[in-house]
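*Asks:* Going down the list, the protein sequences come from chains G and H.
Just so we're aligned, residue 1 is where the first sequence starts under the working numbering, counting upward by one.
Just so we're aligned, residue 317 is where the second sequence starts under the working numbering, counting upward by one.
Mixed in with the good hints there might be a few duds.
[As the list claims (entries may be wrong)] Pairs of lysine-lysine, DSSO-like flavour, derived with a Cα cap of 30 Å:
#1 H:Lys418 - G:Lys282
#2 G:Lys234 - G:Lys224
#3 G:Lys268 - G:Lys166
#4 G:Lys173 - G:Lys268
#5 G:Lys138 - H:Lys568
[Claimed, not checked] Ranges between beta-carbon positions, derived for each pair:
#6 H:Ile442 - G:Ala304: 38 to 48 Å
#7 G:Asp128 - H:Thr783: 48 to 58 Å
#8 G:Asn79 - H:Ile497: 25 to 35 Å
Don't read these hints as lab results, they were simulated from the structure.
Don't be surprised by glycine CBs; every beta carbon is placed ideally from N, CA and C.
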Amino acid sequence: MKHLLATAMLAGALALPAAAFAADYSIMAPAAPGGGWDQTARSLQESFTTEGVSGNVQVVNVPGAGGTIGLAQFAQEANGDPTKLMVGGYVMVGAILTNKSPVTLDAVTPIARLTGEYEVIVVPAASDIQTLADLVTKLKADPGAVSWAGGSAGGTDHITAGLFAKTVGVDPKLVNYVAFSGGGEALAAVLGNQVTVGISGYGEFQSQVEAGALRVIGVSAPEKVAIINGPTFKEGGVDLVVQNWRGVWAGPDLTAEQVAAVSADIEKMVNSAAWKTTLETKGWNNTYLAGDAFKTQLAAEITATEAILKDIGLVQ
Amino acid sequence: METFALLLQGLAVAAQPINLLYALVGVTLGTAVGVLPGIGPATTVALLLPVTYKLDPAGSLIMFAGIYYGGMYGGSTTSILLNTPGESASIVTALEGNKMAKAGRGGPALATAAIGSFVAGLIATIALAFLAPWVVKFALAFGPREYFALMVLAFVTVSAAFGDSALRGLTSLFIGLTLGIIGIDLQTGQARMSFGIPDLLDGVEVTTLAVAMFAIGETLFVAAQGKRAPETVEPVRGSLWMSATDWARSWKPWLRGTAIGFPIGAMPAGGAEIGTFFSYAVEKKLSRHPEEFGNGAIEGVAGPEAANNASAAGTLVPLLTLGLPTSATAAIMLAGFQQYGLQPGPLLFTSNPQLVWGLIASLLIANLMLIVLNLPLIGLWVKLLTIPKPWLYAGILLFATLGTIGANPSVFELGMLLVFGLLGYGLRLFHFPIAPVVVGLILGPMAEQQLRRALAISQGDVMVLFTSPISATLLIAAALALIVPAILRARGKGQVLAEVAADGD
């Protein structure tokens with residue numbers, strides 16, 4: 001059995017300096033395996049290799065604190081190195097603010113926004129809340145009596161709940177948001193009738209909605225989404241659009257040529273058939289936005305997020 | 317009866333030679349990563365996900381299931397032989413298992429772990445096939461207040477079960493609870509006790525603490541004793557195999573461990589560790605040899621090992637029936653399903669019966685494979701103990717360090733490993749039990765979050781904790797567990813009181 005032991009130790013030893021070996025690209029997912037960023041990083045890896053954009057792609061997971069731990073590490077390691085990429089997104093924008101992260105997205109080079117997912121508000125099938133208007137009435141009558149189950153505090157789910165309250169004229173500070181360690185646990189709380197509504201990406205609730213156990217009362221999309229059987233917020237009388245987007249960054253201090261080369265590779269990947277299939281199977285929207293347009297959008301997003309987090313009371 | 321026919325069909329799928337090969341690869345890999353602390357089944361499945369893209373769904377899911385079961389199994393081997401838990405679910409196994417190994421009973425300890433895992437895996441997988449819809453209904457009845465009550469019960473029973481001195485046990489527990497506060501608070505997103513150190517934002521990693529406390533702490537302890545240390549390690553004394561008494565003392569814990577682990581694993585916020593804590597506490601309570609606990613009681617290995625394997629099957633209940641992953645590995649298996657455009661959930665059983673039943677059947681096969689692979693290897697494993705002490709402990713240090721860095725390549729993590737190792741050494745030196753520290757780190761944050769969720773939902777009304785029948789029952793059980801021994805002691809029936817008095821601190 002020493003053989004197995006030796007193999008296991010060898011595997012451990014190899015896992016360690018893997019990032020140091022020459023790889024065409026090394027993509028950091030600043031989250032544990034299994035989540036949205038990890039899936040994005042691994043989808044990138046797959047599309048890169050199947051399309052021949054890059055022969056050897058590594059995915060490195062650095063979990064924790066809404067991606068800010070990974071971000072801090074990335075800003076240091078990827079300095080001037082055009083082979084290193086990092087996946088991130090809306091949740092990281094919020095986490096940087098709530099955690100008062102010393103390293104912000106200013107420290108890295110934005111390459112492109114890639115995907116997006118809309119948020120949905122669901123209720124158990126037996127709930128007396130039938131429409132978005134019912135929810136708004138309840139929320140206005142007694143904000144505390146409506147409990148919202150979603151992912152961690154300051155994340156997209158929480159921000160959406162806060163924006164929703166603000167849009168209908170309820171103080172976001174009064175929103176009774178109950179954070180769960182992920183959409184899955186929040187789902188259990190909604191199914192078990194523990195909370196009034198659930199709020200998360202549609203993917204978290206999809207199977208239960210299809211089975212008829214949950215009802216979608218609102219979608220945060222600008223217009224009707226084909227696969228989601230429910231009205232948009234706007235159709236329900238709440239003028240609000242939110243999208244949980246994810247994108248890709250490169251390290252700091254790259255030359256203009258290096259940035260252009262990375263951007264070209266990403267663009268090639270985005271237009272590939274493999275990536276299109278991935279978007280379809282994962283239910284992600286294509287929100288590809290590159291270069292300066294992405295930078296401008298990102299800056300606007302950060303300002304808006306800071307404002308709502310202040311309203312909710314998570315950021316002073 | 318229909319279920320039975322479907323299961324047989326599933327067995328036919330899983331028994332195809334190519335799928336058997338996938339299962340074999342899965343359990344072998346799983347055992348290997350389970351052995352290495354830090355590198356868990358979740359990481360392994362994630363690494364393999366892109367590789368399996370080209371395989372058919374049944375084959376790759378069968379392999380993942382093998383890794384999952386193998387990981388649960390492999391963690392126990394290092395716990396028993398090296399006192400280095402490979403996974404957080406094997407922490408309890410180290411308590412009695414390593415004591416047994418040091419007394420030359422490593423063979424029976426490994427055997428009862430292997431057979432217990434097999435029995436639990438078998439029963440729990442069959443329960444998964446037949447009872448999943450009912451189990452999930454029960455699990456969903458658990459909301460934040462019920463979980464909180466469950467945690468309270470766990471605190472009371474568990475802290476009483478570890479160590480002889482209540483005061484020392486509680487001291488250790490509170491060290492763990494304090495460590496559990498470190499990191500970002502889930503409900504508010506604010507960092508607590510992280511002192512501006514980014515590495516602390518995500519809290520203390522359970523495996524880092526466990527490996528440090530058990531492996532590093534013990535290594536330091538042994539090294540500090542130097543030549544004065546009595547040569548206590550006997551590789552093999554008596555039979556390598558389980559004796560009739562071992563069997564007689566193991567079968568009930570296996571069944572009880574299964575009965576405890578499966579439903580707790582099926583709960584969305586249960587987790588594999590909690591079942592092992594409960595199982596250990598129950599076995600200690602029911603044992604006819606309570607004095608052996610802490611010195612290598614076979615029940616303390618048999619029960620928790622059965623519980624952790626049963627809970628591994630349990631986590632598949634919400635995954636398959638609700639599409640709800642309750643462990644990191646389950647979350648990645650969910651991603652695996654989605655890779656093939658399959659959405660686990662209530663409709664999966666009807667839309668893809670071959671796949672679901674193939675998976676369940678392959679779990680049975682993986683389980684059988686694990687025991688066939690591992691039982692004959694016990695003789696080889698225990699040879700590890702014949703390695704001279706300096707080499708053995710140097711090996712353990714290397715192993716623990718590699719595993720920790722492998723899981724989280726950061727200098728700070730390594731620093732924490734050493735600091736906690738020193739803490740573990742200090743606790744050992746002054747006869748404080750180690751396990752409650754780890755238990756506190758696991759249970760503390762869960763209890764806190766669940767209590768705060770319950771109170772948020774009730775808008776601050778504490779009575780909500782008592783108005784649910786389930787949580788009221790659990791809280792009453794916890795109160796009884798606390799009061800009854802106290803009364804017994806007051807009447808002079810327990811020796812514990814005498815020991816507490818004798819300790820005098």
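*Asks:* Looking at the structure, which of the earlier hints fail to hold?
*Replies:* Hints 1, 3, 4, 5, 6 and 7 not satisfied by this model.
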